[in-house]
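Trainee: Line by line, the protein sequences give chains A and B.
With numbering that gives the first Met the number 0 applied, the first sequence corresponds to residues 0 to 292, in that order.
With numbering that gives the first Met the number 0 applied, the second sequence corresponds to residues 0 to 282, in that order.
Each hint should be verified, as a subset may be incorrect.
As the list claims (entries may be wrong) - A partial selection of chain B residues facing chain A, derived with a Cβ cut-off under 10 Å:
#1 V32
#2 R37
#3 V42
#4 L45
#5 V63
#6 V132
#7 L134
#8 P136
#9 L234
For the record, the hints were derived by calculation from the structure and aren't laboratory data.
Backbone N, C-alpha and C define an ideal beta-carbon position, used for all residues, glycine too.
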Amino acid sequence: MARRLVDPRASAAGAPVAPGTAATAEYWMAREGQAAAVRARRERLAHTGARLLVLAAVLGLWQALASRYDVTLMPGPAQTYAGLRRGWPLIATAAVDTSLEIALGFAAGALIGLILGSLVGQSQLAEGILHPYLIAYQAVPKVGLAPMIVLLLGFGLWPKVVLAALAAAFPVLENTMVGVQRVDEDSARLFAGLGASPTQTYLKLRLISALPSIMAGVRVAVVLATVSVVVTEFVAGRIGLGAVMMLGYAQLDTPLVFAALVVLTAVGLAYYFAAVGLEALVLRWFNLTPSTR
Amino acid sequence: MPPRLAADKTDAELVEHFYARAARAETEQRRRVRQTTRVGQVVVLLALLGVWWAAAAVYPPVLVPGPAATVQAFFDGRATLWENTPITIAEIVLGFLVGSLLGIGLGIAIAQSRWAEIILTPYLVVSQAVPKVALAPILIIVLGYGLASKVAVAALIAFFPLLENTIAGLRQVDPDSLRLLQSLGATRWQIFTKLRVFTALPLIFAGLRIAAVLATVGAIVGEFVAGNRGLGALLVTSMGTFSTSLLYATMGVLTALACGVYLAARSGERRALARYNLAPPER
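Let the sequences and hints guide you as you build the complete structure.
Mentor: What follows is the structure in structure tokens.
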């Protein structure tokens, strides 16, 4: 809400202030500033309104499509909500399982990526040796490993955690490796000149200056962990939202599939925005600018 | 051995001599690093094979078949593999083409309008965080068990990097060049074809590289869910029937295929950049 400005020409005493004084200039500048703020707010409101319109249009399109097709093929928003209510006990348990798998897998993967990336980033030779393997690791779709890992670890929680960790490790590893190497040369020389040990240089210089890059990797890793968990749940099909989707798919209970997908999307978004928030928090704490990636 | 300081050599000759020596030493050093790297790579490969061998010795073959059993399964199952691999390749290629063409087309359309971009930006951010492969069961319900549904899954996840990169690329035009073209009276279309397209190309090529890898993921996940044809389906089937050595052999084929896709995409990107004399996008 804009502060109400008092026209200085009509001062408290009622005597008009002469035009051209500092007080009048200030008044007009403040008025100009307020007008700009109002314009900006109006623009933001228009953007929000337009965005909501797009959302409404998408929902309308969904409803229109759904009313033309059978509910098994394309349930509408209302039928999806009904599916959510009907399948809630199942979906709620599954959502907890999925969230736990994502959290554990992501944490393990990010930790592994951070440690390995720091180690490999210390030595050009190690990086040269591991380079082809890292490329192969990057190229191979990790979700393709799901059947193999399910066979090894069973149908429970752990195969999902392992696969999520495998997927989450890579972006953190790569970004840590690049980050700890791309350090300001003058600072590195200063540290060396002051006789800092490699551990000190790592902890107080390399790791800190790598943080923007590492946090960007963390943001990617969260999404990859979510994807891996869901795909492994598709394959193993006993616990989690992916399993609920496969159950609905097998029984042609499409509203249940849609409902589980909606909850899964919410879980994925919550994790993603938690990662974005963590990134902002860490970077503000260390007073760093975010990575451009 | 110290160089003989022959009296008949001029200063310039001596300088040249020392320069040549330093260059030789550097080449030698580089060669040694390269050699150590090669040896290290072979050692890592042997270590990985050793771990596999050891795991196969500890676990029963139904859980972890060894390298020999896997190679055996590759030869025994070559008819099955031969039958399923082209299906997966077709899905990857079609999904990549459909997804990237749609992504580039829609990206160009959105980048034309400031409003469209402002309105759609939050949705694009959200789309990054949504696990898009989770749509696979729905796409298969809608499109059936055939090729189309897997192509749709592959196209869906190949679509987004191109959409984002096309919009970002068309936007990040050099303001000075833009002002120059505008002051020379260039039309919108001329600015688009002569300036914007070229600033966008590096990001679009990078998007194509990512899309190729993602199309592979999409095709496999689609096959996991639909589970009748293709390498992904073969993986799930051999998991279900405990034909673990076939599972490992299929993993081998899939790994080779994925590496092939990645290397092709990367060399395609490099060649395209070289063709238009562009620098890769900054990471």
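Trainee: Take the hints in turn and mark each one as holding or not.
Mentor: Verification of the supplied hints:
no. : hint : result
1   : V32  : 7 Å, holds
2   : R37  : 9 Å, holds
3   : V42  : 8 Å, holds
4   : L45  : 12 Å, violated
5   : V63  : 7 Å, holds
6   : V132 : 6 Å, holds
7   : L134 : 7 Å, holds
8   : P136 : 4 Å, holds
9   : L234 : 4 Å, holds
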